[in-house]
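There are 2 protein chains.
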Amino acid sequence: MAKAADGIGPDGIGPDWIGVDWQEARVCAHVIGPDGAVLETRTAPGGGTAAPAVIADLLKDLLPHAGSLPVIACGLPTFGVPGGAGAALRPLPCPPLPAVLHRVTGTDPRLALYAIPGLRQDRPVDELRGPETRIAGFLAGAPDFDGVLCLPGPISTWARISAGEVVTFTTTLTGEMFDLLAHRSSLRHGLPPDGHDGGQDPEAFKSALADILSRPERLATMLCALRGVGTHKRARLSRLSGLLIGAELAATRPWWLGQSVAVIGGGDLAQRYADALAAQGVQATISGANMTLAGLARARALLRGA
Amino acid sequence: MAKAADGIGPDGIGPDWIGVDWQEARVCAHVIGPDGAVLETRTAPGGGTAAPAVIADLLKDLLPHAGSLPVIACGLPTFGVPGGAGAALRPLPCPPLPAVLHRVTGTDPRLALYAIPGLRQDRPVDELRGPETRIAGFLAGAPDFDGVLCLPGPISTWARISAGEVVTFTTTLTGEMFDLLAHRSSLRHGLPPDGHDGGQDPEAFKSALADILSRPERLATMLCALRGVGTHKRARLSRLSGLLIGAELAATRPWWLGQSVAVIGGGDLAQRYADALAAQGVQATISGANMTLAGLARARALLRGA
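Line by line, the protein sequences are chains A and B.
Residue 614 in this note's numbering sits at position 153 of the first sequence, and the numbers go up by one each step.
Residue 579 in this note's numbering sits at position 118 of the second sequence, and the numbers go up by one each step.
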C-alpha cells in the first residue's frame, strides 16, 4: 500500500478516482490513476453493515487529499442502514447503470462516495447488488449484445440482456454451497484439505453433470452419496462441483437452452461453466476480464458526464 | 456428573454398562444402571478421529472401577484409524446388529470398548455409522415391521426393512444443509438470528414443499430466491426447511411412495417429515423415543448372550 501512496504528491500525479467492489466476503478498493491504470488495490473483510464507515477507514490516508476524488462503489449492503447506501434499487427492465449517480449522504464529508444502485425484480422477487456493475462492464465492450449473461460466483446470476437493458434475471447459491459443503459439511472428511479447484478430474465433473441433468430431482441423495464415491478425493471434489453446477443448469434451463450465452468471469470456474454448457450443446463465449472494474470505470465516465 | 458418581460405591450400586453415541458434532456417553435407567449423560465435542482415546478420557473417573463395565459405542469414525474402531462395516442385506460384538483392541486396557459396526452398501456405494443402532432400537419394539424407516437428522437416512434385515438404504445431507444455509450462507441476513425451528409458519413450509415437489429441478434458484421472499424472517426459515425436506422427498420418492413408512425421531422435525409425507398422501407413523439408546441396550443384551 505504501508503494502507491508514494505516487500521490505535490507534483499532482495521484489517483483520479477509487472504485469499490463490496462483496459478501471482502471489500476491494481499487485506486485508479488518470490513465485508468490500477495504482493500488486495498481489501478489508466484508459482511458488515456500516459500509460507508468501512470504506472511509480503508481510504483514510487518502481522504485528506480527497476533495474531488470520487469513490464509486457497487454491491453496497443496505441491511442495518435504513434508507442508506444503495437502498434505492432500480426496477427492471432498465440499463445496468442509472443515468445519474447520486452522492451518498450522511458519511464523512471528505468521502465523495457514489453508490451504484442494485437492480430489483418483482416477479419473482429478487435483487442484484454488484452483478449490475459487471454487466455494465461487459456491455461497455459489447453494446449490441442480445442474449443471456451467466455470471458465476458465490451467488451465480443469469441475466437476459436486450437493447442495452437487463430484462430479467435469476440467481443461485452455487458457489456458496460448494464452499460450505466442501469445507463445513461432513463431506469434507472425504475431500482434499485445500477444498477448492474441482477442475482436476474432468471425467468426474462431466459424469456428475450428466447424472444430475438427467435426474435433477435426485440432487439430495447424489450429494450425500459423495461420501462413498471411490477413494479419490480429487474426483469427489470434481463430482461435487459437477453436481452443483449441473443443479444450477437444471434450474436455469430456459435461460440457456437455445440462447446466445456469454459467461463472465476469469479462470477455471468460467471455463467449467462453458464446458458444462457445451456438453448441453450451447457454445458460450467467455469474457475473462475484470468486468467489475470495467463497470466501475463506466460509472466514472457517467459521473464526468461522458 | 458428581451426582451419579456418588452412586458408584462399595455397596455395589453403580453403572451396569455405558452406551456411547458418537456423532459428527458431539459424543454422548450414557451411564446406565442395572435397571436400565440412565444414571448420567456425559458429552464431548465430536468430529475427531481418535475415538477410543476420547471415550477413555470422557469416562476416566469410571475406568478404575471398570473391569467388566462394558462400553458399547455406535457411530464410531474410522478416518485416521486404519483398521480401527468400527472399521469392519457389515455388507447388506443384514440385521442392523451383528450376532457377536467384538471388543476394540489397542485401547486403554481398562476400557472394555465394544463397537457396533456400521453397514455398507455396494450399489450405490454408501455407508451408515449410527443409524443401524437406531434401527435396531426400533426393531426391538417392532420386530415384525416391514416397510421403510425414515431417520431425519444432520444426515437423513431412509432404510428398507424386511424380515428383520436392512435390505437397502439411501442418505441425504438435509439437516446439515439446513444448518449451513441458515447460519453460514448469505441467506442468513434474511433469517431469524437463532436460525432454527422452521415449524413456525406451517403455510410457508407447506407451499415450499408443494413448489419443490412439483419442480424439483428448480431447487438452486428457489433456494437463492429466499433472499427476496416477503419480509417475514420466520416465513423464510420455514420455506427453507420446506424446500430442503421437499428436495429430500423428491430424491427419495421411490422410498416412500405407496410404502409403509415410520419416521424415527422426536419433536418438531419428525412431525414435519410426517406432515410432508401426509401432504403426499402417505400416512407415516412417528416413533419418538430415543432409539439410539434402545439400540445400544439391544447390543448390551447381545453381549450378555440374550
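Just so you know, the hints here were simulated from the structure itself, not pulled from any lab data.
It should be emphasised that the depicted structure is a prediction, and the values quoted were computed from it without experimental measurement.
Any given hint might turn out to be false.
Given that identical chains are not distinguished, each listed pair holds provided it fits within a single copy or across any two copies.
Heads up, simulated SDA-like pairs for lysine to any residue below, C-alpha to C-alpha not over 25 Å straight-line [said to hold, decoys possible]: (1) Lys-694 - Pro-615; (2) Lys-521 - Phe-606; (3) Lys-694 - Val-628; (4) Lys-667 - Val-586.
Here is what the structure says about each hint:
1. In the homo-oligomer, the alpha carbons of Lys-694 and Pro-615 lie at most 25 Å apart both inside one protomer (22 Å) and across protomers (22 Å), since each shortest distance falls under that limit.
2. In this assembly of identical chains, the alpha carbons of Lys-521 and Phe-606 never lie at most 25 Å apart, being 40 Å within a copy and 70 Å across copies at closest.
3. In this assembly of identical chains, the alpha carbons of Lys-694 and Val-628 never lie at most 25 Å apart, being 41 Å within a copy and 28 Å across copies at closest.
4. With identical chains, the CA atoms of Lys-667 and Val-586 are at most 25 Å apart between copies only, with a shortest distance of 19 Å across copies and 33 Å within one.
Consistency with the previously given hints fails for numbers 2 and 3, ordered from lowest to highest.
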